[in-house]
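Sequence lines, in order, name chains A and B.
For the first sequence, the working numbering puts the final residue at 235, and the numbers step up evenly by one.
For the second sequence, the working numbering puts the final residue at 335, and the numbers step up evenly by one.
Please keep in mind that the hints were generated in silico from the structure rather than gathered at the bench.
Where hints are given, some of them may not hold.
[To be verified] A few chain B residues facing chain A, derived, Cβ under 8 Å:
hint	residue
1	Gln148
2	Tyr162
3	Ser165
4	Ile275
5	Met281
6	Asn291
7	Leu292
8	Ala298
9	Lys312
10	Lys313
11	Leu316
12	Ala319
Each residue gets a CB set at the ideal place from its N, CA and C atoms; glycine is no exception.
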Amino acid sequence: MVRLTQLIRSSLGYKYLTGLSGLGLGLFVIAHLLGNLTLFQKEGTAFNAYAEKLQALGPVLILMELGIVAVVVLHIWSTVQVTLSKRAARPIGYEVTQSKGGPSKNTAGSRYMIVSGTILLAFLVLHIIQFRFGPGVAEGYVTQLGGDEVRDLHRLVKEVFADPKWVAIYTAVMIFLGFHLRHGYWSMFQSLGLMNPRWSGPIYFGAKALAVLLSLGFIAIPIYLYMVFGGLI
Amino acid sequence: MKVTLRVWRQESKNTQGAFETHALDQVKPEMSFLEMLDVLNEQLIKAGKRAVEFESDCREGICGTCNMVINGQAHGPVRGATTCQLYLRSFQDGETITIEPFRAKAFPVIRDLVVDRTALDRIIMSGGYISVKTGPHADANANLVPKDLADRAMDAAACIGCGACVAACPNASASLFTSAKITQFSLLPQGQPERKSRVINMVNAMDKEMFGSCSNLGECEAACPKKISIQHIAIMKKEYLFAALSADYREGMGSSETAG
Numbered sequence: 003m004v005r006l007t008q009l010i011r012s013s014l015g016y017k018y019l020t021g022l023s024g025l026g027l028g029l030f031v032i033a034h035l036l037g038n039l040t041l042f043q044k045e046g047t048a049f050n051a052y053a054e055k056l057q058a059l060g061p062v063l064i065l066m067e068l069g070i071v072a073v074v075v076l077h078i079w080s081t082v083q084v085t086l087s088k089r090a091a092r093p094i095g096y097e098v099t100q101s102k103g104g105p106s107k108n109t110a111g112s113r114y115m116i117v118s119g120t121i122l123l124a125f126l127v128l129h130i131i132q133f134r135f136g137p138g139v140a141e142g143y144v145t146q147l148g149g150d151e152v153r154d155l156h157r158l159v160k161e162v163f164a165d166p167k168w169v170a171i172y173t174a175v176m177i178f179l180g181f182h183l184r185h186g187y188w189s190m191f192q193s194l195g196l197m198n199p200r201w202s203g204p205i206y207f208g209a210k211a212l213a214v215l216l217s218l219g220f221i222a223i224p225i226y227l228y229m230v231f232g233g234l235i
Numbered sequence: 076m077k078v079t080l081r082v083w084r085q086e087s088k089n090t091q092g093a094f095e096t097h098a099l100d101q102v103k104p105e106m107s108f109l110e111m112l113d114v115l116n117e118q119l120i121k122a123g124k125r126a127v128e129f130e131s132d133c134r135e136g137i138c139g140t141c142n143m144v145i146n147g148q149a150h151g152p153v154r155g156a157t158t159c160q161l162y163l164r165s166f167q168d169g170e171t172i173t174i175e176p177f178r179a180k181a182f183p184v185i186r187d188l189v190v191d192r193t194a195l196d197r198i199i200m201s202g203g204y205i206s207v208k209t210g211p212h213a214d215a216n217a218n219l220v221p222k223d224l225a226d227r228a229m230d231a232a233a234c235i236g237c238g239a240c241v242a243a244c245p246n247a248s249a250s251l252f253t254s255a256k257i258t259q260f261s262l263l264p265q266g267q268p269e270r271k272s273r274v275i276n277m278v279n280a281m282d283k284e285m286f287g288s289c290s291n292l293g294e295c296e297a298a299c300p301k302k303i304s305i306q307h308i309a310i311m312k313k314e315y316l317f318a319a320l321s322a323d324y325r326e327g328m329g330s331s332e333t334a335g
């Protein structure tokens with residue numbers, strides 16, 4: 003066996019870590035959208051019940067959240083290493099650069115993953131402050147659910163997306179999410195050595211379809227809430 | 076036809092380089108790119124100036140030495156071709172063509188368009204070989220090789236080691252080259268004895284040369300004159316992981332120090 007530190011610190015090690023942590027985050031994004039689909043129920047009871055179920059997990063929820071934070075940190079560390087190696091590997095750049103097209107996946111979206119990733123990170127911090135640590139029971143955001151008093155998270159979501167500024171910001175960030183996932187999902191297979199001639203077509207198409215679906219799914223929520231509670235539909 | 080060339084000129088490894096502009100009035104569409112450079116050099120020599128240094132050997136697309144970046148693309152705009160197989164009919168009359176050397180920390184410029192690519196040789200030396208029996212030569216087809224594996228190994232073996240993958244990669248990664256040199260053996264029965272040590276040693280050698288890490292951008296496959304697929308990079312990643320985690324692998328195995 004090769005020492006684990008050597009494996010991780012090789013140029014391929016960064017790719018395994020990026021792929022594995024990306025897999026974790028990619029699955030989280032899917033689960034998050036599925037959970038948030040409850041927002042399409044106007045009354046908000048489904049969403050509040052979902053939020054309450056998560057809250058009821060108590061210490062398990064905290065552990066899950068810390069786990070996600072750890073995966074995010076790992077993803078940042080490995081991708082920053084790749085970015086740094088890129089700078090060091092070509093100190094003098096080209097005067098002219100031009101993609102040769104064909105099988106190349108070299109587009110603005112794939113080349114600037116570090117930029118879309120940074121935008122997503124900033125968004126993640128904002129999103130957590132806004133909702134996870136936003137006003138709760140203590141601030142009067144309370145609702146009745148099956149006889150119990152629980153946090154009315156639905157009211158908070160509704161209020162945030164009554165402001166077109168937030169609808170616009172969330173929509174813009176979710177477009178970046180789409181581009182990030184578009185290169186990320188298929189890259190995960192490539193980086194973990196799971197690509198092969200037979201499956202490359204379906205994997206590449208599947209990644210694109212999933213990225214578009216997730217991006218549109220997340221964009222639909224704030225727009226729906228804005229239109230419903232703004233009385234537009 | 077007429078073309079204007081903006082060529083990178085650099086005296087030596089440690090001097091500053093700059094672009095130089097030259098106009099060529101009497102070139103023909105059927106001239107190869109290298110023949111056009113020959114015309115330029117004759118013009119320069121007649122004017123008492125130093126000729127533009129560039130590498131070329133076979134001029135039939137198999138030696139991998141005529142390396143340059145033309146208008147931002149390694150080996151120019153045509154897919155599956157080296158610079159010597161590129162003809163002026165691929166350019167517009169009156170076009171300005173920018174010619175730069177391959178750019179990477181691991182490929183220092185020696186002069187003008189000539190770069191030092193011995194980093195690739197050192198990767199090969201670290202594991203790009205197989206064990207063979209000495210003595211009378213074996214019967215043909217004594218080793219049975221499945222046709223599909225033979226085809227895939229041959230696709231990888233088509234690599235001419237020009238380094239266009241490194242030049243085209245936005246990260247200056249040598250992953251396509253290194254993976255092709257690994258998979259051409261790992262897919263075949265003849266490559267099995269050194270299978271694990273080869274991938275570990277060659278990846279380590281690649282990292283030591285300060286090539287960048289792969290970001291799965293696939294520009295290397297587009298630039299490769301032999302159209303080698305990035306699927307070989309996926310195979311390399313799988314092989315490295317299995318070898319690194321394998322209980323049989325010991326450090327230093329198969330390296331040139333212990334092989335003797």
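Now for the hints, and whether the structure bears them out:
Hint on B/Gln148 holds. Least Cβ distance to chain A is approximately 5 Å, under the 8 Å limit. Among the interface hints, the one on B/Tyr162 is violated; its C-beta lies about 17 Å from the nearest C-beta in chain A, farther than the 8 Å criterion. Proximity of B/Ser165 to chain A is violated relative to the hint, the smallest CB-CB distance being about 13 Å (cut-off 8 Å). Restraint check, B/Ile275 versus chain A: the minimum CB separation of about 6 Å is within 8 Å; hint holds.
Taking 8 Å as the C-beta contact cut-off toward chain A, the hint placing B/Met281 at the interface holds, the least distance being around 7 Å. A distance limit of 8 Å between C-beta atoms decides the matter here; for B/Asn291 the minimum to chain A is near 4 Å, and the interface restraint holds. Because the closest C-beta pair between B/Leu292 and chain A is about 4 Å apart, less than 8 Å, the hint holds. Satisfaction of the interface hint for B/Ala298 is found here, the shortest Cβ-Cβ separation to chain A being roughly 5 Å, below the 8 Å cut-off.
With its C-beta approaching chain A no nearer than about 4 Å, B/Lys312 sits inside the 8 Å limit, and its interface hint holds. Of the supplied interface hints, the one on B/Lys313 holds, with its beta-carbon coming within about 3 Å of a beta-carbon of chain A, less than 8 Å. Interface hint status for B/Leu316: upheld, as the beta-carbon distance to the closest one in chain A is roughly 6 Å, under 8 Å. With a cut of 8 Å, the hint placing B/Ala319 at the interface with chain A holds, because the nearest CB-to-CB distance is about 4 Å.
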